[in-house]
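Going down the list, the protein sequences come from chains A and B. Per the numbering used here, the first sequence starts with residue 1, numbered consecutively. Per the numbering used here, the second sequence starts with residue 329, numbered consecutively.
Incorrect hints may have been included.
Under the rule of at most 25 Å between Cα atoms (straight-line distance), these lysine-lysine pairs were calculated in the PhoX-like manner [unchecked claim]:
id	chain 1	residue 1	chain 2	residue 2
1	A	K177	A	K79
2	A	K127	A	K138
3	B	K603	A	K269
4	A	K131	A	K152
5	A	K198	B	K635
6	B	K635	B	K374
7	A	K79	A	K64
8	B	K374	B	K424
9	A	K177	A	K80
10	B	K603	B	K635
11	A	K89	A	K64
12	B	K340	A	K269
13	A	K269	B	K589
14	B	K424	A	K248
15	A	K135	A	K89
16	B	K589	A	K198
17	A	K177	A	K135
18	B	K603	B	K340
Keep in mind the hints are simulated off the structure, nothing from the lab. These numbers come from a predicted model, not from an experiment.
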Amino acid sequence: MIMVLLEVKNLSTHFFLKESRVRAVDDVCFTIDQGKTLGVAGESGCGKTTTALSIMRMLPPAGKIVNGEIFLDGVDLLKKSKEEMRKAKWKELSYVFQYAMNAFNPVMTVGEQIAEVIIEKENSKSKSGKKEAWKKVKESFEIVGLDPDRIKNYPHEFSGGMKQRAIIAMAMACDPKLLIADEPVTALDVIVEKKILKLLNEIQSNYNLGIMFITHDLSVIAESCDDVAIMYAGKMVEVGDASTVFHKGAHPYTRMLIRSFPSILGECKRIEPISGIPPDLANPPPGCRFHPRCPLATKECRKDIPPFEPFSTSRHHVACFHAGETIL
Amino acid sequence: MSSTTKILFTIKDLRKWFPTRTGLLDGIRRRQEYVRAVDDISFEIKQGEVVCLVGESGSGKTTAARLLLRLEDPTGGEIIYKGKDIAKVKERQIRKLRRHMQMIFQNPYESLDPRMTIYDVISEPLQVTNVFPKSETHKRVAKALEDVGLIPVSEFSIRFPHELSGGQRQRVSIARALVLDPEFIIADEPASMLDANTRIEILNLLQDLQAAYNMGILFITHDLAQARYLGHRIIILYLGKIVEKGNIDQVIQNPHHPYSKALISNIPVPDPDAKRERIEIEGEIPTAINLPPGCRFAPRCPFQFEKCIDEEPELMMKDGRYSACWLD
Ligand SMILES: Nc1ncnc2c1ncn2[C@@H]1O[C@H](COP(=O)(O)OP(=O)(O)OP(=O)(O)O)[C@@H](O)[C@H]1O
Ligand SMILES: Nc1ncnc2c1ncn2[C@@H]1O[C@H](COP(=O)(O)OP(=O)(O)OP(=O)(O)O)[C@@H](O)[C@H]1O
Ligand code: SF4
Ligand code: SF4
Ligand SMILES: [Mg+2]
Ligand SMILES: [Mg+2]
């Protein structure tokens with residue numbers, strides 16, 4: 001039986017600035033099943049990182065969750081106290097944040113930095129606790145395919161791919177149920193990228209881990225995710241299993257986005273980009289946020305917000321009044 | 329492209345070795361060691377042709393590009409620009425030639441001076457080189473802005489870089505390169521940091537400008553899908569050496585060299601149901617110091633045999649393309 005691990009319901013997160021309110025995440029719903037990977041894609045600034053930070057409750061001061069519920073294994077994370085949430089981080093859910101590779105402290109060894117997290121989380125500052133933590137550091141190195149003899153190395157002694165593995169090792173050190181990985185392969189070469197993706201898939205099946213995989217690269221999602229969520233301007237526009245979204249995508253934005261990826265397979269044709277620019281989220285257009293750029297837009301789209309509803313199957317959700325209609 | 333097309337660059341055995349830093353004592357005890365960043369590479373670039381330089385991080389792509397513009401002094405070899413070897417000519421003469429050759433950099437967030445208006449950023453090369461009469465400056469800047477689609481020109485002229493999106497900033501970099509009417513442009517990963525839609529916009533822009541002005545472009549990328557989209561010919565580098573070069577479609581559809589095969593088979597494609605055979609290779613690209621006597625790819629090559637370890641394969645022509653492998 002498929003068990004839902006994470007359920008995000010009607011999440012809205014806004015940034016309250018001096019003169020405006022940025023509606024970065026607006027009424028977003030999705031789920032992640034145990035042992036499955038959900039790939040979240042969309043243009044820069046569409047709210048992917050803000051969604052992740054909301055789940056982790058790590059928003060910057062201007063960011064506030066104004067509505068919604070976030071259930072992890074049936075428990076609403078938004079109802080947890082700060083202290084409870086602090087305990088849950090790394091142990092229940094962990095986060096590989098965007099640009100994390102560059103965030104290692106250069107004057108501490110990689111192993112020390114991972115051990116520090118474990119010691120804090122397990123609350124084991126005793127001598128035996130520390131010993132146990134170092135044992136776990138070694139294990140976590142093994143999990144991600146790094147040589148355990150290198151726990152005493154400094155970050156600059158690691159290549160980009162090795163640092164990214166170490167970041168994943170740190171995220172996995174306390175056996176979380178959910179891993180949120182924000183652009184974990186973006187700065188890497190294809191060969192290293194492929195290895196990291198394979199690693200994540202292996203860890204996932206070995207530990208029945210749920211993964212939220214954020215990237216703006218749909219090719220990477222196609223390679224590694226079970227389900228796909230497409231965001232546009234703070235809204236979830238389409239969610240479904242990878243095959244359905246890539247081959248039977250029903251939202252015009254999804255289909256236009258997929259078309260805008262050059263591929264090394266098939267014919268090499270000129271690709272036309274989606275015209276226009278994403279809206280200013282402090283001042284989003286009324287109705288469907290995609291309407292100024294959508295070839296299918298009608299009067300209704302300019303007035304009403306399309307509901308996020310099941311489309312071809314109960315798992316496939318789309319927010320569009322003209323879902324599935326042909327784009328000329 | 330006809331065979332009578334003018335050749336812009338002929339590169340012969342171009343070499344750049346960087347001395348590695350050694351301690352005082354090391355210098356006495358040991359021979360000086362070198363990073364062989366670019367190690368005897370030869371190729372041509374014709375007018376109106378897009379040549380793609382592809383390879384993993386550290387393979388020597390940027391160093392090769394900097395050598396062509398003489399931003400770096402070569403350790404050896406020839407750089408024949410329109411019949412004249414510029415490998416050793418003096419800086420003053422190079423400066424005169426440089427207006428014909430321009431470079432666009434990877435990071436649109438770092439490559440523009442934040443204190444300058446867009447007008448100043450684009451007119452700067454005109455001021456510095458002084459090749460066109462001052463009275464033309466305004467007209468030339470306006471034309472460059474128009475060419476890259478930053479319209480209305482009057483509005484974009486007075487903005488600052490931080491007031492632009494990543495894609496718009498990259499357009500500014502391109503305008504800055506265009507303003508001197510170059511016949512040759514080096515674009516070093518100009519679209520890799522941008523999201524899919526903006527990336528296609530920039531690639532299309534380069535394609536249009538290249539055709540309109542019949543420019544030669546050296547397009548540097550680690551993304552073969554982008555290379556295929558824009559390029560006519562491809563050069564694949566591994567640790568400072570060319571492993572394969574030829575017509576881009578031929579190389580991508582039927583790579584000869586084991587490294588090219590591995591690289592191409594690991595490129596993600598935007599289709600979750602695509603069934604592809606993967607060639608896995610061990611480890612990550614090492615640094616080009618202390619290279620083994622034989623084939624530099626041997627330590628990671630799944631096909632290596634005895635000869636590979638003793639003797640270095642030369643670049644050989646076969647079926648209309650060059651590759652450097654004993655199996656070929
Ligand atoms: N601290 C902040 N203050 C104000 N606005 C913010 C802040 N952080 C993000 N935003 C805005 O919220 C929106 C969503 O940003 P977010 O970082 O979630 O996008 P993203 O999808 O992760 O983009 P990228 O692909 O570039 O990482 C953007 O419009 C952004 O400008
Ligand atoms: N100024 C320098 N001094 C010493 N070594 C250098 C210098 N510039 C580059 N190198 C070394 O030369 C090799 C090639 O570097 P280069 O920057 O040309 O690679 P690249 O292919 O452009 O990589 P990337 O994809 O990461 O940009 C690397 O090992 C690099 O560390
Ligand atoms: S609701 Fe209308 S404007 Fe929005 S995506 Fe669908 S057709 Fe386009
Ligand atoms: S020469 Fe040998 S080691 Fe080198 S690529 Fe060919 S088979 Fe592999
Ligand atoms: Mg982000
Ligand atoms: Mg480079």
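For each hint, the structure was consulted:
1. A:K177 <-> A:K79: 19 Å, holds
2. A:K127 <-> A:K138: Holds - the C-alpha atoms of A:K138 and A:K127 are around 17 Å apart, at most 25 Å.
3. B:K603 <-> A:K269: 22 Å, holds
4. A:K131 <-> A:K152: Distance ~15 Å between A:K131 and A:K152 Cα, so the pair holds.
5. A:K198 <-> B:K635: 32 Å, violated
6. B:K635 <-> B:K374: 36 Å, violated
7. A:K79 <-> A:K64: 14 Å, holds
8. B:K374 <-> B:K424: 21 Å, holds
9. A:K177 <-> A:K80: Within the cut-off at roughly 17 Å; holds.
10. B:K603 <-> B:K635: Judged against 25 Å, a Cα distance of about 34 Å means the pair is violated.
11. A:K89 <-> A:K64: 19 Å, holds
12. B:K340 <-> A:K269: 34 Å, violated
13. A:K269 <-> B:K589: 23 Å, holds
14. B:K424 <-> A:K248: Violated, because 56 Å separates the two Cα atoms, which is more than 25 Å.
15. A:K135 <-> A:K89: Status holds; Cα separation ~21 Å.
16. B:K589 <-> A:K198: This hinted pair holds, its Cα atoms lying about 19 Å apart.
17. A:K177 <-> A:K135: 21 Å, holds
18. B:K603 <-> B:K340: 40 Å, violated
Hint compliance for this structure: hints 5, 6, 10, 12, 14, 18 are broken, all remaining hints hold.
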